[in-house]
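Colleague: On the provided structure of chain X, position chain Z as indicated by the hints.
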Amino acid sequence: MDGRPELDRFLRTDPRDVGCAQAMDILHIYAELASAGGPVEEQYPGIAAHLRACGPCGEDFDGLLAALRDQGPCGP
Amino acid sequence: MLAGTGPAREAALARLHEMLVRIARGEVGRRAPRLRLAGPELDDLAYQAAADALIAITGKLGQFRGESRFTTWAYKFVIFEVSAKIGRHFWRHPDVRLDAEDWDRLPDRFGFDPAHEAEWRDLLAALRRAVDDELTARQRRIFVAIVLNGVPLDALVIELPPTATRSTRRCSMPGVSCAPR
Chain X
55 MDGRPELDRF LRTDPRDVGC AQAMDILHIY AELASAGGPV EEQYPGIAAH
105 LRACGPCGED FDGLLAALRD QGPCGP
Chain Z
9 MLAGTGPARE AALARLHEML VRIARGEVGR RAPRLRLAGP ELDDLAYQAA
59 ADALIAITGK LGQFRGESRF TTWAYKFVIF EVSAKIGRHF WRHPDVRLDA
109 EDWDRLPDRF GFDPAHEAEW RDLLAALRRA VDDELTARQR RIFVAIVLNG
159 VPLDALVIEL PPTATRSTRR CSMPGVSCAP R
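Going line by line, the protein sequences match chains X and Z. Per the working numbering, the first sequence starts with residue 55, numbered consecutively. Per the working numbering, the second sequence starts with residue 9, numbered consecutively.
For the record, the hints were derived by calculation from the structure and aren't laboratory data. Bear in mind that the values here come from a model prediction, so they are computed numbers and not experimental data. Every residue gets a Cβ at the ideal spot worked out from N, C-alpha and C, and that includes glycine. It cannot be assumed that every hint is accurate.
[To be verified] Stretch-level coverage of chain Z by chain X, calculated; a stretch enters the list once three of its residues show a Cβ under 8 Å from a Cβ in chain X: (1) 33 to 43; (2) 79 to 92.
[As the list claims (entries may be wrong)] Just a few of them, taken from the derived set where beta-carbon distance is under 7 Å, the chain X residues facing chain Z: (3) Leu81; (4) His82; (5) Glu86; (6) Val94; (7) Asp114; (8) Gly117; (9) Leu119; (10) Ala120; (11) Ala121; (12) Asp124.
Okay, chain X solo, but in the shape it has when bound (with noise of 0.2 Å):
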């Protein structure tokens, strides 16, 4: 049925998801990472857990991504 999937995905949470402090601790690291192309799944499962599940970290995140792309592959 449409959209079980994401009500399904809603209401579980990932054991692995390392909750907002923490994700909010290394964010720049992550996305530096991410940003370069780097296996950021892998080296962080739980970072990358918690921002599938956390909107307004989800967000931050997008907006680091933004910011670094935008400064260019080397930064100021």
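Modeller: Quick look at chain Z alone, frame taken from chain X:
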């Protein structure tokens, strides 16, 4: 240079501030289409976020461990400040009441196919019973705000009274996997 004193430090702070403003404006612009913000309000928000990020960064220089570029670490503060300010801004111009319920929104929000209406109506009825019977009053209020009414979580945490377990800025929602410290 930022940890030093004198004109060199002032110049470094000015360059950093300029960079933070640029990032803040970019982030506010990126989120703006989803907000009821325009023109001068967007700029105000960006400048405030950059200023507060600069204070946070200079206060936490000792915490930078060199695991990323300094700029990436600094940008993170700006992004967090923009988030926080947008959350506070939501309540100055709210689209919804915190306690209004609209279960009819859920089919659209989860992309339910009208061709399977009978099935998802049963599912939603079961979900509603679970929300009414299984959640605490506080959990139910949070569920209604976030799931039914689309209140951003960053905005909701500002509005709700604090609890002993809310040790991070966003961990008060059942189904949101935020492990407390």
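Colleague: List in ascending order the numbers of the hints, as given earlier, that are violated by the structure.
Modeller: The structure conflicts with hints 6 and 9, although it agrees with all the remaining ones.
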